[in-house]
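Build the full structure now, drawing on both the sequences and the hints.
Chains as they are written, first to last, in the working numbering: chain A, 1 to 206; chain B, 207 to 460.
Worth flagging that the hints you see were computed from the coordinates, not collected in a lab. Where is the CB? At the ideal position from N, CA and C, for every residue including glycine. Don't take every hint at face value.
Heads up, incomplete: computed chain B residues facing chain A, CB under 10 Å, no partners named [to be verified]: (1) 328; (2) 373; (3) 374; (4) 375; (5) 377; (6) 378; (7) 380; (8) 411; (9) 417; (10) 419; (11) 421; (12) 422; (13) 425; (14) 435; (15) 438; (16) 446.
Below 27 Å or equal to it, Euclidean Cα-Cα: the simulated DSS-like pairs (lysine-lysine) are [claimed, not checked]: (17) B/350 / B/430; (18) A/178 / B/351; (19) B/251 / B/238; (20) B/327 / A/82; (21) A/178 / A/86; (22) A/178 / A/82; (23) A/86 / B/451; (24) B/377 / A/86; (25) B/430 / A/82; (26) B/360 / B/350; (27) B/327 / B/377; (28) B/451 / B/327; (29) B/327 / B/360; (30) B/211 / B/251; (31) B/327 / B/430; (32) B/257 / B/238; (33) B/350 / A/178; (34) A/178 / B/251; (35) B/257 / B/211; (36) B/430 / B/360; (37) B/211 / B/260; (38) A/82 / B/377; (39) B/360 / A/178; (40) B/238 / B/377.
Each chain, letter by letter, is given below.
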Amino acid sequence: MAEHREYFYRRLHSLLGVVPIGIFLVQHLVINHFAVYGEESFNKAAGFMSSLPFMLALEIFIIYLPILFHAILGVYIVFVAKNNVKRYGFLRNWLFFLQRITGIVTLVFIAWHVFETRVQVALGNASVDYSLMEGILDNPVMFWFYVIGVLSAVFHFANGLWGFLVSWGIAQSPRSQKIVTYATILVFLVVSYIGIRTLITFAYGV
Amino acid sequence: MAEQKTVTFIITRQDSPDSAPYNETFNVPYRKNMNVISGLMEIRKNPITAKGEKTTPVAWDMNCLEEVCGACSMVINGTPRQSCAALVDELEQPIRLEPMSTFPVVRDLVIDRERMFDALKQVKAWIPIDGTYDLGPGPRMPEKKRQWAYELSKCMTCGVCLEACPNVNDKSNFIGPAAISQARLFNSHPTGEMNASERLEGLMEEGGLVGCGNAQNCVQVCPKGIPLTTSIAAMNRAATVQSFKNFFGSDNAH
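The structure is reproduced here in structure tokens:
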């Protein structure tokens, strides 16, 4: 493996994007969707998640470290690409370009989101519950920032899922790659709905 | 005498590998069924710009003149393609000619495709049969497979796929789609198969398979219609299996 360091890191990058980061993203948005059923049920669900045993270890090894690795190598990957969608406006080339844009947007969003909901909580300035998110999303600027952040993250996940299936050689034929494209569009729409619906509840109480 | 029709070329020129590029415009007498190369030949005969200034003849590379050697690739009206197969009647005027930007320019439209040949070396895109004695005939290839492999063998290392790839540039060491597809061609040959793992090792080295970001421009622009992205995905799978064999297995020599 030592002689194939770049190969190993890039494959690890692809894998981490799906397991655990992609799974965590879907789980996170689904749990947050409890907000739609009322403040009580969101606080109960969030309380359950934060009361899981070995919480800090779970967060570090399933969330923080994989995202950190994925982000650092990801920024490098963005840097080495020379995008040419103007000259070659094919669908896949656009998705390639958007994958890099949404990666950077998602990174900025996650940094801010972690600051608001983890750093501030650790400093004792806030506690994780319905009213924290309600307070943040009450501001229309923050609401739209969160909408863009969630859509970016979900797009990056859905399109990355396609990339994962191709990069590991699961979807080879043009036909299978096309069907996987449709499937990942569906994933994007469904997961985006779950995320945005929750944001609307926090912001407007409906 | 009727007025003579002309063809206008705007050519990006460069005097040496390190000098700055500049544009020059040429008006060339039109002939029926002209291709871009015959236009360049006219300029060579009479190297005078549209402004009437005498200049040096434009340099370009060519060989077969029938779209099988890959030497005459250049960017024609924004599209990388072979200048021998680019017919003037089918092009919008003025015709803009530029060298392919992915490769170092030697002079004018002549580029150095050495990185492609280095890539073929990295993936060992050949079948080693030389030795000190006659090895006898190799295993036979089924006809159906031969027909399929023939499509992959049409690659002429022309560089158009590398030119279109966003991940092949001076910031990355990605070898590009052509060599990956060639590794697949030789790995599917009954004799070439005997060294399949060596080619996969080459694909797993720096700049190999993982440099692909699946923008899939290559398959769209390939003048030979080679299923490059299918080849890349097929090699991705083969490399995945090989890397698992390397780490967990003990039969990874072949």
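Structure-based check of all given hints:
1. 328: Residue 328 of chain B check fails; min Cβ-Cβ to chain A is 13 Å, beyond 10 Å.
2. 373: Holds, about 6 Å.
3. 374: holds, 8 Å
4. 375: holds, 4 Å
5. 377: At 5 Å from the nearest chain A Cβ, residue 377 of chain B passes the 10 Å test, so the hint holds.
6. 378: Interface hint status for residue 378 of chain B: holds (4 Å vs cutoff 10 Å).
7. 380: holds, 8 Å
8. 411: holds, 7 Å
9. 417: holds, 8 Å
10. 419: Check passed: Cβ of residue 419 of chain B comes within 6 Å of chain A, closer than 10 Å.
11. 421: holds, 4 Å
12. 422: Check passed: Cβ of residue 422 of chain B comes within 4 Å of chain A, closer than 10 Å.
13. 425: Because about 8 Å separates residue 425 of chain B from the closest Cβ in chain A, which is inside the 10 Å limit, the hint holds.
14. 435: holds, 7 Å
15. 438: holds, 8 Å
16. 446: Since the shortest Cβ distance to chain A is 5 Å, the answer is holds.
17. B/350 / B/430: Judged against 27 Å, a Cα distance of about 20 Å means the pair holds.
18. A/178 / B/351: Status holds; Cα separation ~25 Å.
19. B/251 / B/238: Between residue 251 of chain B and residue 238 of chain B the Cα gap is close to 18 Å, so the pair holds against 27 Å.
20. B/327 / A/82: holds, 25 Å
21. A/178 / A/86: Since the Cα atoms of residue 178 of chain A and residue 86 of chain A sit roughly 23 Å apart, the hinted pair holds (cutoff 27 Å).
22. A/178 / A/82: holds, 25 Å
23. A/86 / B/451: violated, 42 Å
24. B/377 / A/86: holds, 20 Å
25. B/430 / A/82: holds, 24 Å
26. B/360 / B/350: holds, 16 Å
27. B/327 / B/377: holds, 21 Å
28. B/451 / B/327: holds, 24 Å
29. B/327 / B/360: holds, 18 Å
30. B/211 / B/251: holds, 18 Å
31. B/327 / B/430: holds, 22 Å
32. B/257 / B/238: holds, 25 Å
33. B/350 / A/178: With Cα atoms ~26 Å apart, residue 350 of chain B and residue 178 of chain A stay inside 27 Å; holds.
34. A/178 / B/251: Violated, at about 50 Å.
35. B/257 / B/211: Holds, at roughly 17 Å.
36. B/430 / B/360: Holds, at roughly 6 Å.
37. B/211 / B/260: holds, 21 Å
38. A/82 / B/377: holds, 8 Å
39. B/360 / A/178: Between residue 360 of chain B and residue 178 of chain A the Cα gap is close to 25 Å, so the pair holds against 27 Å.
40. B/238 / B/377: Violated - the C-alpha atoms of residue 377 of chain B and residue 238 of chain B are around 43 Å apart, more than 27 Å.
Checked against the numbered hints given earlier, this structure breaks hints 1, 23, 34, 40; the rest are met.
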